[in-house]
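J.: Letter by letter, the chains look like this.
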Amino acid sequence: MIEAEGLTKVYGDKTAVGGVSFTVQAGQVTGFLGPNGAGKSTTMRMIMGLDTPTAGTVTVNGVPFARHAAPLREIGALLDAKAVHTSRSAYNHLLAMAATHSIPRKRVHEVIDMTGLAEVARKKVKGFSLGMGQRLGIAAALLGDPQTIILDEPVNGLDPEGVVWVRNLVKYLASEGRTVFLSSHLMSEMALTADHLIVIGRGKIIADAPIKDIITGKGHSRTRVRSDQPDRLMHVLAGTGVSVELQDHELLEVTGLDPRQIARSALDNQVLIYELTPLQASLEEAYMELTKDEVEYHSLITTGAPVSAQSGGN
Amino acid sequence: MSTSTSTQPAAGPGRAAARNAANPGPGPSFFRVLNSEFIKFRTLLSTMILLASTAVVMVGFGALSAWGTGQFADQAASDPGAAEAIASQGGDLAVSVPTSGAAFAQLILGSLGVLLMSSEFTTGMARSTFAAVPKRLPAFIAKLVVVVVSAFVVTAVSTYVAGLVSVPILDNFGLKLDLASSQSVKLLLVTGGYVAAVAAIGMALGTLLRNSAGGIMALVGLFFVAPIAFQLIPGEFFEEARKYLPGNTITPLTAVEHVPDTLEVWQAALVLGAWVVVPVVLAMILLKKRDV
Ligand SMILES: Nc1ncnc2c1ncn2[C@@H]1O[C@H](COP(=O)(O)OP(=O)(O)O)[C@@H](O)[C@H]1O
Ligand SMILES: [Mg+2]
Numbered sequence: 001m002i003e004a005e006g007l008t009k010v011y012g013d014k015t016a017v018g019g020v021s022f023t024v025q026a027g028q029v030t031g032f033l034g035p036n037g038a039g040k041s042t043t044m045r046m047i048m049g050l051d052t053p054t055a056g057t058v059t060v061n062g063v064p065f066a067r068h069a070a071p072l073r074e075i076g077a078l079l080d081a082k083a084v085h086t087s088r089s090a091y092n093h094l095l096a097m098a099a100t101h102s103i104p105r106k107r108v109h110e111v112i113d114m115t116g117l118a119e120v121a122r123k124k125v126k127g128f129s130l131g132m133g134q135r136l137g138i139a140a141a142l143l144g145d146p147q148t149i150i151l152d153e154p155v156n157g158l159d160p161e162g163v164v165w166v167r168n169l170v171k172y173l174a175s176e177g178r179t180v181f182l183s184s185h186l187m188s189e190m191a192l193t194a195d196h197l198i199v200i201g202r203g204k205i206i207a208d209a210p211i212k213d214i215i216t217g218k219g220h221s222r223t224r225v226r227s228d229q230p231d232r233l234m235h236v237l238a239g240t241g242v243s244v245e246l247q248d249h250e251l252l253e254v255t256g257l258d259p260r261q262i263a264r265s266a267l268d269n270q271v272l273i274y275e276l277t278p279l280q281a282s283l284e285e286a287y288m289e290l291t292k293d294e295v296e297y298h299s300l301i302t303t304g305a306p307v308s309a310q311s312g313g314n
Numbered sequence: 001m002s003t004s005t006s007t008q009p010a011a012g013p014g015r016a017a018a019r020n021a022a023n024p025g026p027g028p029s030f031f032r033v034l035n036s037e038f039i040k041f042r043t044l045l046s047t048m049i050l051l052a053s054t055a056v057v058m059v060g061f062g063a064l065s066a067w068g069t070g071q072f073a074d075q076a077a078s079d080p081g082a083a084e085a086i087a088s089q090g091g092d093l094a095v096s097v098p099t100s101g102a103a104f105a106q107l108i109l110g111s112l113g114v115l116l117m118s119s120e121f122t123t124g125m126a127r128s129t130f131a132a133v134p135k136r137l138p139a140f141i142a143k144l145v146v147v148v149v150s151a152f153v154v155t156a157v158s159t160y161v162a163g164l165v166s167v168p169i170l171d172n173f174g175l176k177l178d179l180a181s182s183q184s185v186k187l188l189l190v191t192g193g194y195v196a197a198v199a200a201i202g203m204a205l206g207t208l209l210r211n212s213a214g215g216i217m218a219l220v221g222l223f224f225v226a227p228i229a230f231q232l233i234p235g236e237f238f239e240e241a242r243k244y245l246p247g248n249t250i251t252p253l254t255a256v257e258h259v260p261d262t263l264e265v266w267q268a269a270l271v272l273g274a275w276v277v278v279p280v281v282l283a284m285i286l287l288k289k290r291d292v
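Chains as they are written, first to last, in the numbering used here: chain R, 1 to 314; chain V, 1 to 292.
So that you can see chain R by itself, here it is in the shape it has in the complex (with noise of 0.2 angstroms):
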């Protein structure tokens, strides 16, 4: 389980997480989405201890992560940015990180083979391809088999194969007990693989819900309405959390209401409307109504491409 809060980081005068709080659970895949920019890279380095937070507090199982005993067995992380030397080898890299908590030779080759990275493993990793990379980075955050596994935007390089494996590799993770917190900018890739879903924009909590709150848009459903007096329902529906909007002579679309509050308040207020239509909102559409305001950089979110260039030091 991990535990964030109120968690602040501030670099120089841009704050990249501005205060979140939220709790990560075993036996489930917690999402972890947001745009590019967002702060997720940032919070998942403060939960590693390598980013010290400017405020607040984050906890892997109660502890924060520098006080555990060993905590490449607690916790396993494959981070946003590079984190091996490109002039050794995967194996060695491996062998190395292994030293420090005395995890047998045998469970570096099991990692390896898990990751498919057999056949590459004795090559340097300055010639490896982004997503055999990301596979080193899946390797060394199983290596101690932890409770607790981290991954920064994992399927980001991978073949369609490997995004499939990651899929089925976290689901298998959490059906196993553990904890298991994923990011990444793709509200797709989300859906089909996470259980739990946080979504940040601007370094803050947008949502935290279950997947399936969040698919079916609760708080945020549309219903299209039409009446021959839309501007007297306009009136009638207008209130806080609300927002109806004309579209076109006598249709109307209505945010934040459901179906049959809108029918309640047009009886109450003798309005007849002839069409009442509950607009299912896809999951790319729900993504793009929770960061509309918060979304740094739009041009990401309209063209959906998953793109790589950072904005920043990660």
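Just so you know, the hints here were simulated from the structure itself, not pulled from any lab data. Each residue gets a CB set at the ideal place from its N, CA and C atoms; glycine is no exception. Careful: at least some of the hints might be erroneous.
If we take Cβ atoms under 10 angstroms as the criterion, some of the chain R residues that face chain V in the derived model are [stated by the list, open to error]:
no., residue
1, D51
2, P64
3, A77
4, L79
5, R88
6, N92
7, M97
8, A98
9, S102
10, F128
11, Y274
12, T277
Following the hints, complete the assembly by docking chain V with the ligands onto the known chain R.
T.: Using the frame of chain R, we list chain V with the ligands on its own:
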């Protein structure tokens, strides 16, 4: 621990749940971290190349210097300047031949010290290193031990081999070199210790600057540029300060008798010690404090 099956992604179902939460297994003790740092050290080809080139340069310069010294000894009778240089080694010309490549060893192994730490940061390896050893200082100290010991051993062994190569060459000129004499042994040990100190300073610079080029430039500036600059700048202050540069402690440390315009032996040892301790302690404090 339960049996593991390689076909499954993790190491066997239920293993996570079955693990004893209170005692997850061995953690990063200093010995383990030292072992890890040694593995990292020996699995980089560039490290091995730098060590080998140190040996080659030391032995090569020893041989070259043996030949040069032989020539020089012939002229020494007629050259008053030469006589002075001989005096600092108690009249024994040949004894300092095996360590004549030490200035290069110092540059190469000092740079190695810089690189071993700066590359952690430039490659991102530091994230792996300090995730495995979140207290950070054990990893720093382990690396320092590896750097210092390897610099000492390589310098000492190369000095000895350079000596073995030089003996027959000097013999041709009628000069005797006794590798077992107390001054030979002292030169070998002190030079080895001195180069190890330079490597430690290099590692501290690499940790502070986190940049290979910057670290090596700082090292070269301190050991090669500053002594010359201090000599060129007129004024008593620079003349005096020059003695306290780390590179100028080696002469008093290895001399048989006190050489004019240098520190006393005990002063030189303290000054060199300070040049090591101050940057190393600063590097440790900042490494602990800064984000990786
Ligand atoms: N070391 C750093 N120094 C300065 N700014 C940083 C640093 N790391 C991240 N940032 C900034 O903090 C914000 C969050 O970055 P990051 O955590 O990498 O986001 P994400 O992983 O969600 O894309 C970005 O605006 C980024 O530029
Ligand atoms: Mg990131």
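J.: Decide, hint by hint, whether the structure agrees.
T.: Evaluated hints:
1. With a cut of 10 angstroms, the hint placing D51(R) at the interface with chain V holds, because the nearest CB-to-CB distance is about 4 angstroms.
2. Interface restraint check for P64(R): the shortest CB-CB distance to chain V comes to about 9 angstroms, inside 10 angstroms, so the restraint holds.
3. With a least beta-carbon distance of about 6 angstroms to chain V, the hint placing A77(R) at the interface is held under the 10 angstroms criterion.
4. This hint holds: L79(R) has a C-beta 5 angstroms from the nearest C-beta of chain V, less than the 10 angstroms allowed.
5. At about 5 angstroms, the closest approach between the beta carbon of R88(R) and any beta carbon in chain V falls short of 10 angstroms, and the interface hint on this residue holds.
6. A distance limit of 10 angstroms between C-beta atoms decides the matter here; for N92(R) the minimum to chain V is near 4 angstroms, and the interface restraint holds.
7. The closest approach between the C-beta of M97(R) and any C-beta of chain V is roughly 6 angstroms, which is under the 10 angstroms cut-off, so the hint is satisfied.
8. Interface hint at A98(R): satisfied, since its Cβ lies 8 angstroms from the closest Cβ of chain V, which is below the 10 angstroms cut-off.
9. Given hint, S102(R) at the interface with chain V, holds; its Cβ is 4 angstroms from that chain's nearest Cβ, closer than 10 angstroms.
10. For F128(R), the shortest C-beta to C-beta distance to chain V is roughly 13 angstroms, which exceeds 10 angstroms, and the interface hint is violated.
11. For the restraint placing Y274(R) at the interface with chain V, the shortest Cβ-Cβ distance is roughly 54 angstroms, beyond the 10 angstroms limit, so the hint is violated.
12. For the restraint placing T277(R) at the interface with chain V, the shortest Cβ-Cβ distance is roughly 44 angstroms, beyond the 10 angstroms limit, so the hint is violated.
The structure fails hints 10, 11 and 12 (numbered hints given earlier, in ascending order).
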